[in-house]
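Trainee: In case you want the letters, here they are:
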Amino acid sequence: MGIRQAINTSLFRHISIAPLVTFRVVFGLIMLASILRFWFNGWIEEQYIIPDFHFKYFGFYWVPNLPDWGYYLSFALMALSALGIALGAFYRISATLFFILFTGIELIDATYYLNHYYLVSVISFLLIFVPAHRMYSLDVRLGLIKLRDSVPALSIYLIMFQLGLVYFLAGIAKINSDWLFEAMPLSIWLPAQDDFPLIGSLFQYKLTAFAFSWGGMFYDLLIPFVLLSSRLRWLGYLAVIGFHLMTWFLFQIGMFPFIMIGATLIFFSADFHHTIHSFLGGRVKLSDYSRKSTYLSKPVLIAVSLFICVQIALPFRYLLYPGNMFWHEQGYRFGWRVMLAEKAGYAQFKVEDSEGRKILIDNSEFLTPVQEKMMSTQPDFMIQYAQYLKAHYSNLGMDAAAVKADVFVTLNGRASAPFIDPNIDLASQTDSWSHKQWILPQKSEQI
Amino acid sequence: MSIKAIPFAIIAAVFMQASIGCKDNNPGEPVGSPFAREDMLKEMAENVIMPSYSKLLSDVQQLEADFEMFKSSPNQQEFIAVRTSFIAAYVSWQSCSPFEVGPAAEESLRLMLNTFPLDTSQLKANMESGSYDLFSAQNSDAKGFPALDFLLFRNDSLEQFTQEKALLYFEQNLDLISEKLNTVISKWNDGYDQEFASNSGTSVGSSLGLMVNELNFDFELLKNAKVAIPLGLKTLGVAQPELVEAVYSDKSKELLLANLIGIKNLFIGAEGQGIDDYLDNLDAKYGNENLSQAIINRFDNCETKISALNSSLKSEIENNPSAVEALHTELQNLVVLLKTDMPSQLGVQITYQDNDGD
Numbered sequence: 001m002g003i004r005q006a007i008n009t010s011l012f013r014h015i016s017i018a019p020l021v022t023f024r025v026v027f028g029l030i031m032l033a034s035i036l037r038f039w040f041n042g043w044i045e046e047q048y049i050i051p052d053f054h055f056k057y058f059g060f061y062w063v064p065n066l067p068d069w070g071y072y073l074s075f076a077l078m079a080l081s082a083l084g085i086a087l088g089a090f091y092r093i094s095a096t097l098f099f100i101l102f103t104g105i106e107l108i109d110a111t112y113y114l115n116h117y118y119l120v121s122v123i124s125f126l127l128i129f130v131p132a133h134r135m136y137s138l139d140v141r142l143g144l145i146k147l148r149d150s151v152p153a154l155s156i157y158l159i160m161f162q163l164g165l166v167y168f169l170a171g172i173a174k175i176n177s178d179w180l181f182e183a184m185p186l187s188i189w190l191p192a193q194d195d196f197p198l199i200g201s202l203f204q205y206k207l208t209a210f211a212f213s214w215g216g217m218f219y220d221l222l223i224p225f226v227l228l229s230s231r232l233r234w235l236g237y238l239a240v241i242g243f244h245l246m247t248w249f250l251f252q253i254g255m256f257p258f259i260m261i262g263a264t265l266i267f268f269s270a271d272f273h274h275t276i277h278s279f280l281g282g283r284v285k286l287s288d289y290s291r292k293s294t295y296l297s298k299p300v301l302i303a304v305s306l307f308i309c310v311q312i313a314l315p316f317r318y319l320l321y322p323g324n325m326f327w328h329e330q331g332y333r334f335g336w337r338v339m340l341a342e343k344a345g346y347a348q349f350k351v352e353d354s355e356g357r358k359i360l361i362d363n364s365e366f367l368t369p370v371q372e373k374m375m376s377t378q379p380d381f382m383i384q385y386a387q388y389l390k391a392h393y394s395n396l397g398m399d400a401a402a403v404k405a406d407v408f409v410t411l412n413g414r415a416s417a418p419f420i421d422p423n424i425d426l427a428s429q430t431d432s433w434s435h436k437q438w439i440l441p442q443k444s445e446q447i
Numbered sequence: 001m002s003i004k005a006i007p008f009a010i011i012a013a014v015f016m017q018a019s020i021g022c023k024d025n026n027p028g029e030p031v032g033s034p035f036a037r038e039d040m041l042k043e044m045a046e047n048v049i050m051p052s053y054s055k056l057l058s059d060v061q062q063l064e065a066d067f068e069m070f071k072s073s074p075n076q077q078e079f080i081a082v083r084t085s086f087i088a089a090y091v092s093w094q095s096c097s098p099f100e101v102g103p104a105a106e107e108s109l110r111l112m113l114n115t116f117p118l119d120t121s122q123l124k125a126n127m128e129s130g131s132y133d134l135f136s137a138q139n140s141d142a143k144g145f146p147a148l149d150f151l152l153f154r155n156d157s158l159e160q161f162t163q164e165k166a167l168l169y170f171e172q173n174l175d176l177i178s179e180k181l182n183t184v185i186s187k188w189n190d191g192y193d194q195e196f197a198s199n200s201g202t203s204v205g206s207s208l209g210l211m212v213n214e215l216n217f218d219f220e221l222l223k224n225a226k227v228a229i230p231l232g233l234k235t236l237g238v239a240q241p242e243l244v245e246a247v248y249s250d251k252s253k254e255l256l257l258a259n260l261i262g263i264k265n266l267f268i269g270a271e272g273q274g275i276d277d278y279l280d281n282l283d284a285k286y287g288n289e290n291l292s293q294a295i296i297n298r299f300d301n302c303e304t305k306i307s308a309l310n311s312s313l314k315s316e317i318e319n320n321p322s323a324v325e326a327l328h329t330e331l332q333n334l335v336v337l338l339k340t341d342m343p344s345q346l347g348v349q350i351t352y353q354d355n356d357g358d
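Chains Y and D, in that order, give the protein sequences. Using the working numbering, count along the first sequence one by one with no gaps and you end on 447. Using the working numbering, count along the second sequence one by one with no gaps and you end on 358.
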């Protein structure tokens, strides 16, 4: 019974709901801002409506494209449900709806995959299950649920775990020779930003790139533990703000910095959050919840363990593939690899008839610039594109027997090199988790 | 070794590795600056862009003068003079074609001046009716240099050219070219030159970003529209020699060469600093050689292949396609460096969307 008791007293013990309430509000508002920003940037049209063709994720080829109004409706509902999360209004429905819509939209086109979109999906998934709406919420105000000032510790720990994991694995991902020993890709990116205020002139020096690379690695590896330590937390949080603002100024990284700056507030103590809430006019008096405990629930424990296993295993699945993952990109996604590779490709596709006569493809006829950029370095996209081309030309009445491509890729400043076997019929390949033999090995050449 | 010592051991190991592994260059050496992108942009404008526009302007003015002469005394000699100065202007246009940034982009200069293949039936209909708007969408393939090429060269006798309707259509297209060009040049002189140089970042709308994109766009047009399509590479090998640029004057080879040299000139910055110098300053390598040199070598290979063609690209496609295929292969070799290594090493962004680096 020792373990059961330990779990009861640590994970199922009740702790203050305050950090979770702040998290709910901040996350909901940042999501609302992100959706509005996306909309007003014209990206709904640019990313979902204009393209004739959408790249899918493996296993999610069935996700249908929407009619034009469907995208606007989805984003409108997404904004509404983000607001619902922030206000704690019809919270479970809002959180569920947000998770489904956000993830669904992401699944429509894998071109736009970003680590932080994936993070948003994971966090909103967790929010469905945690009772973040039990205090300072419309649901309580409307009497739909009873006010409760405590939650099982697991609800908060799970989110902390997820955030810590993002940092820690991002740090692990930085332990590679390009990043540490060549200061790549920062050696390329920093000089391009030498008009940065104040410290821009330092960016011309390779030493700066080294300092940033190493600093970034240590930051990512250590920050979860620093944030957990009550003594170092404030220092850590200043580092969080500094680090993320820096990346926001330097790179076209979108909302990620703000998501992390907002989300990591959850590491602060309950007292800290109470102070904020009362400062903002919160009136709830806190009870003594220290003795309360929900009892261990086996299904919950199994589900949580499963979730944690998946979160840890997914990023490391790349180890099952031969060669450099940054080159072949098998096992790349969902691995918290942020800003780690400067990669560019050029793909000349050829549709051949059964007599070997060719049509050279101009990618801009079929893909948007972002789609072309992403396709030119990602093998699974090449298969999908080849199949799309084959179908397109077959529909035009051509005997489209095979689709091949000459692809060249440069990674982190290395000379561009052939990326795939130019004689393979890409249209007849099927995507799977097994290694794609037709990806040529990276030339082990120095940068 | 105690746990606390591990980070220090790693740091020591790395700096040793960094000092050994870091090629020949000292990690303390600056790259990127003091060579400022702003200076490069300024020099590109002064040494490449403005001189090319000026040359084109004076050639267009010469064409206008010769055309006026022809109208006052329409004879064979003046006809030949108009033809000659037309070719000169068309050749000069080729080196301006890649600068589709700022004013040229606002005026859609490339589309206005050199959209081909020409829609001859639309042109003839326009000429017949005498009422048309050269700016309308349906006339996008019936104007500019290709229209002049048709009117001047469809027939060697000057009879057709001297018809009133033909002269009028010629003149209005010449006016269009001249007007658009003057607008672009005056915008450059009225402040865009400053804006161009001071927009010296590397983001999507930066001058360098725009230039790299347009250089590549123009190069793709060269490779596809001027070579691959007529050669039949997009039509299962069925050649379409009639789709070459300047099919009536049959000067497509000369224009192709001028276009390639124009793009190369933009890359090297003519006599001044260009993208090549900036790449050198960044210490950009292609294997063991400088990336700039690798690109220049491939430009030279393309140039050699074009020069080796006989004077008519059209007849080469018909009679000696393997020589044109060899050219296409060289163009393909060059485009790989221009579209992967170059933008990657420059750190320029090609899209506005959020990006977390893969």
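These are calculated hints, taken from the structure and not from any lab test. Given the structure is predicted, the values throughout are model-derived calculations rather than measurements. Be a bit skeptical, because a hint or two may be false.
Straight-line Cα separation of at most 30 Å, DSS-like style, residue types lysine-lysine; simulated pairs [stated by the list, open to error]:
#1 Y:Lys358 x D:Lys305
#2 D:Lys314 x Y:Lys358
#3 Y:Lys350 x D:Lys42
#4 D:Lys71 x D:Lys234
#5 D:Lys42 x D:Lys180
#6 D:Lys234 x D:Lys314
#7 Y:Lys436 x Y:Lys404
#8 Y:Lys404 x D:Lys42
#9 Y:Lys350 x D:Lys234
Trainee: Now tell me if each hint is right for this structure.
Mentor: Against the structure, the hints:
Simply put, lysine 358 of chain Y and lysine 305 of chain D have alpha-carbon atoms about 22 Å apart, close enough for the 30 Å limit, and the pair holds. A distance of roughly 21 Å separates the Cα atoms of lysine 314 of chain D and lysine 358 of chain Y; the hinted pair therefore holds under the 30 Å criterion. Taking the CA atoms of lysine 350 of chain Y and lysine 42 of chain D, the gap is about 41 Å. The hint is violated against a cut of 30 Å. For the given pair, lysine 71 of chain D sits about 42 Å from lysine 234 of chain D by alpha-carbon distance, which is inconsistent with the 30 Å threshold.
Restraint check: the Cα-Cα separation between lysine 42 of chain D and lysine 180 of chain D comes to about 23 Å, which is no more than 30 Å; the hinted pair holds. A C-alpha spacing of about 16 Å is found between lysine 234 of chain D and lysine 314 of chain D, which places the hinted pair at or below 30 Å, so the restraint holds. Note on lysine 436 of chain Y and lysine 404 of chain Y: the hinted pairing holds, with a Cα-Cα distance of about 15 Å set against a maximum of 30 Å. Only pairs whose Cα atoms come within 30 Å are accepted, and lysine 404 of chain Y paired with lysine 42 of chain D is rejected, the gap being roughly 43 Å.
Under the criterion of a C-alpha separation no larger than 30 Å, the hint pairing lysine 350 of chain Y with lysine 234 of chain D is consistent with the structure, at around 9 Å.
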